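Visitor: Could you put together the complete structure from these sequences and hints?
Protein sequence lines correspond, in order, to chains V and S. Per my numbering, residue 19 is the first one in the first sequence, and the count goes up by one each step. Per my numbering, residue 10 is the first one in the second sequence, and the count goes up by one each step.
Don't read these hints as lab results, they were simulated from the structure. Given the structure is predicted, the values throughout are model-derived calculations rather than measurements.
Here are the simulated lysine to any residue pairs, SDA-like style, with alpha carbons at most 25 Å apart:
no. : chain 1 : residue 1 : chain 2 : residue 2
1   : S       : Lys398    : V       : Asp348
2   : S       : Lys398    : V       : Leu419
3   : S       : Lys204    : V       : Arg367
4   : S       : Lys235    : V       : Asp293
5   : S       : Lys240    : S       : Asp227
6   : S       : Lys342    : V       : Asp384
7   : V       : Lys65     : S       : Leu31
8   : V       : Lys854    : V       : Pro884
9   : S       : Lys421    : S       : Phe271
10  : S       : Lys290    : V       : Ala336
11  : V       : Lys340    : S       : Gly441
12  : V       : Lys345    : S       : Cys57
13  : V       : Lys418    : S       : Ser203
14  : V       : Lys55     : S       : Gln108
15  : S       : Lys398    : V       : Ser411
16  : V       : Lys377    : S       : Pro341
17  : V       : Lys98     : S       : Arg30
18  : V       : Lys345    : S       : Val366
19  : V       : Lys345    : S       : Ala361
20  : S       : Lys52     : V       : Asp458
21  : V       : Lys340    : S       : Glu256
Short derived list, chain V residues pointing at chain S, Cβ under 10 Å:
no. : residue
22  : Cys164
23  : Met195
24  : Glu206
25  : Gln238
26  : Pro305
27  : Arg322
28  : Pro349
29  : Glu375
30  : Glu378
31  : Ala587
32  : Leu589
33  : Phe593
Output of the computed footprint for chain S on chain V, the stretches with three or more beta carbons under 8 Å from beta carbons of chain S:
no. : stretch
34  : 75-89
35  : 151-161
C-beta: ideal position from N, C-alpha, C; glycine also.
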Amino acid sequence: MSGHDSKYFSTTKKGEIPELKEELNSQYKDRRKDAVKKVIAAMTVGKDVSSLFTDVVNCMQTENLELKKLVYLYLINYAKSQPDLAILAVNTFVKDSQDPNPLIRALAVRTMGCIRVDKITEYLCDPLQRCLKDDDPYVRKTAAICVAKLYDINAELVEDRGFLETLKDMISDSNPMVVANAVAALAEIQENSTRLIFEITSNTLSKLLTALNECNEWGQVFILDALSRYRAADAREAENIVERVTPRLQHANCAVVLSAVKMILQQMELITSTDVVRNLCKKMAPPLVTLLSSEPEIQYVALRNINLIVQKRPTILAHEIKVFFCKYNDPIYVKMEKLEIMIKLASDRNIDQVLLEFKEYATEVDVDFVRKAVRAIGRCAIKLERAAERCISVLLELIKLKVNYVVQEAIIVIKDIFRRYPNTYESIIATLCESLDNLDEPEAKASMIWIIGEYAERIDNADELLESFLESFPEEPALVQLQLLTATVKLFLKKPTEGPQQMIQVVLNNATVETDNPDLRDRAYIYWRLLSTDPEAAKDIVLAEKPVISDDSNQLDASLLDELLANIATLSSVFHKPPEAFVTRAKPSAPRPDDDDFPDGGEPTAYSESLSQGSDRASAAPPPSSSGAPQPPAPAAVPDLLGDLIGLDNALVPVDQPAAAPRPSLPILLPSSNGQGLQISAQLTRRDGQVFYSLLFENSSLAALDGFMIQFNKNTFGLAAAGPLQVPSLQPGSSATTLLPMVLFQNVLPGPPSSLLQVAVKNNQQPVWYFNDKIPLQALLMEDGKMERQSFLETWKSLPDANEVAKELPSAVLQSVDGTVERLAAANVFFVAKRKNGNKDVLYLSAKVPPSVIFLVELTAAAGVPGVKCAVKTPNPEMSLLFFEAMEALLK
Amino acid sequence: MPVAASAIYFLNLRGDVLINRLYRDDVGGNMVDAFRMHIMQTKELGTCPVRQIGGCSFFYMRISNVYLVIVVSSNANVACAFKFVVEAVALFKSYFGGQFDEDSIRNNFVLIYELLDEIMDFGYPQNLSPEILKLYITQEGVRSPFSSKPTDKPVPNATLQVTGAVGWRREGLVYKKNEVFLDIVESVNLLMSSKGSVLRCDVTGKILMKCFLSGMPDLKLGLNDKVGLEKESQLKSRPAKSGKTIELDDVTFHQCVNLTRFNSEKTVSFVPPDGEFELMKYRITEGVNLPFRVLPTIKELGRTRMEVNVKVKSVFGAKMFALGVVVKVPVPKQTAKTSFQVTSGRAKYNAALNCIVWKIRKFPGQTESTMSAEVELISTMAEKKSSTKPPIQMEFQVPMFTASGLRVRFLKVWEKSGYNTVEWVRYITKAGSYEIRC
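Guide: Below, the structure written as structure tokens:
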């Protein structure tokens, strides 16, 4: 029944490529087809078969659909690496898009959209336009997605050709699958645009809700996800929507169920009737539970989402805790999540059952799971006051098992329980002390030491116990050292006898003189000073009553939780992070460097770096682009505003005056007429040996603009931003300047040097703006370009004459030799020597362009007469044109 | 954004790429290296099926000896992605005659590429119904078992069927004999404490259907569930018939079932796909009839000996019987020697599983069977025995028995040609995770 394609994977000889080439050009159809199969097989295993491009494309003109598909597959993979040859395929594409067979028409449009070569994109428009209006729904549904593909490549083109309008009309298409794909495409385009493109009106809403009943499962997901953005006008509309969405909860496809749940939860916010809400909660519980009988991976996704849902609406699953009991054979990731949810659902009513479960888990094999189970008992104790005693007795039973990691974990949680219920359960300290010798984990040790210090007055041999730890003080991890320090101080304050006094001496000495850890040292010095100046104050401070801790099992804050709930079923809901925290949004910039592939070698360091960046960003405050509190107005804009308010006459001196000084000199790159009121002027400058991009933003639009970001396309010098663009929120009518530090050689554009610098700037309110700037070479000239006479001569001689280029600079003037030398030196073109040649002065200068291209310069001119002859000799003569431009600018 | 994938990879256990298909441009071609290096070659494999590495996220599933890995860089719909993988695998299996492993992938890679192109576009899942796809995606040597037509002829209206409202059934089917087979398959999940109290117990059932029906029939299924019966009697304004009714906790349906109608009228009506499919799934927690009771007693006789007694009672009807009963009784790792006595079946010590495996081929209803084993342990240096005690696990199948009590009351078939249909119904109950702690 199955095929026998595996033979195509077997390599025949070393000369595979020429052999394939020959076969591809065979006159026999079957041989050609086999050859293409071999090519695809080679491509799959990662061999580079791009050199066969022309030969494969030649096989494209075929009646055989299977062969055609294979060729198309090849094209998708290699067109980008052979953009000039890819054009060969265009004719066939265009022809295929008019084929009588709808499958072929659709195939052509589908494939063309996947080929991200600008030249092909142009040809795509006409076939796409036709196919969007095709009689066959299969072609239309493919064309709808193709609009999204095209938008990703060239958004302007899509808008210019009116494809967005066509796409919007497709929402009313008679075929449900066309509707679904159009909705998916529109939703995606909307996500990548700052303009309102896909507005969901109540009219669209009702159309889509009707389509929901007819389209296939995936289409239902597209529609539900798109509709979850819709905000109902009032409670009644919300109820209506929910009523039409609830039947989806019975769908066998988990994605449909989760998307329906997402939408219902969104609308529930508006519903005021408690009966309706209660009823909805009741309806949502069974489908959510049913998700737990699907594949473990899907269970995991469901559990991560349920975790969020129970935080928002604990009632939904309040009675279903049993379904979260772990099965022995559940994968560990499912068990961990179930445990988390069990803690969240634990209540006075079910705690006995839950504790029995936790106790059972605490004897399982997987150490991490066991630890989590023990910790779960502690968290329940903290959460449920009335059950605390039962929790503690379970913990004590577990400690008696004497399994080392169980004991340590138990001690850690018992410390928290002591904090939560002071002066209640101290009777168990004696039991804990029995395990003292077995503690080897820092956190457990630290916890035990904390307990000893905190209850030093009730533990008869507290000083002995602590002393046993002190011996190894220098070797302990910082966590333990800090606790030891504090515990010893507590002990001393509580029992100021001789033993503790000696101990405190030892500890303070260890923690100040002997340590490199600044935290430890600082804390030790504070204690030392406190104890030596005012022991009573020390007592007040160190032994002060501590605030009661609370349960942290509902840890997400409300606004984050709401954002995550709006993202149910997506990665965001699985990671419990807002999308901005892990999606790198370099997307909307069209002139994107296309080498963002991973390096072939795949250096692990690169990965781990970006990993840690990711987590940093996740833990830090959400990035400014998130819709949070409005940004504080720009500091630069403040004086202006104040000035307006107070009256400019006696106003404060605007602070930004000096910064604004270079304003007139910045050329306007994006006039406000093109930028919907945003004007951008910018220039590369050099300051203190570093390249900066000096930018001026002027907002004459009617809305505040914020969230500015900048990106540079590949360029000759690989100039790129060294950091994020620091532009505050721009109020209407205000402006801001900034100096963006730049780095070199990040994304180098190969080929002949060019001064072109393509820049993309975006903000949260407007589309992405693209503009071109010139790289002035004078901004790149390096400070260490000075050369001694001798080395200048040697270098000059060592370079072949072919490397000498000369040019007349007609507009340049040499006013005076000294003045020119000074001016040039300030611009990092350094004087070497001069001579007279008739009435003309000849100057020899040197300069250096990064990375370290030396320019040897000869300037010949008569003082005061316009027109300078500039000759340069350099190992890199292609760059001399740029250099001439720079010299001309410098000598003006 | 309901995008499910930017790229999909099929890898074998060594990490070699069997199939790769890039759907979007936002992930590099070499991201799979990152997966190999940071997940496959580390202990992380199996700790979490959704991972982030660098700017990309990976979702992966293992199916037989193949990893299916999805890579995305946006906030993709994970639920959609996993479901897509599950359904795609089902699709491939139906093409490859039930197989899905490294060999079958290599042997069909051209077909797989063709299918991957069809079932997902730009990361959005499209129609994945095997029935429809087989109309126009065919390979020599791979013929649809249900197709009555020769496969090399293109189907004229295939495209309409892919996108149609009944995107899972093709038109113009003709069968000489119109037959429907219904299989009600239930899995009983049980978690029982060592003291014999039921901690958790539920039944997940599914109704599998095999349809050989001509034309475009409308089907309606009636079950003995309480809500459905009440609604029915309401609509027909006559009292509900007496008899056992059951309460379904939740039902989910194949996409062919009209959900809006189910919601309003509680009737299961649908136009079925041709051939075999899963019509519905349900879940029941109340009133479950457990087919077996297991009563273990484990006595530790000193440090190196223990005695294990397990009594299994069948509590279903005396005329029925269970097949393939397996009871796995865990014993400590340091087991040295075992000896057993069983009243029926055979027992064996399996050192790899650390279990005594007791098998009984046929287990009649209303009977009981016992195994008593004596286990000798190696005396170890460690004072305490490992504290972990896995539960006793049980496998079985009981034909013509439903743990939930579910019954099919009727299956009506309407077709405009008005043919007669023969309906066959089978019931079977299997063990899901049937665990007894000891």
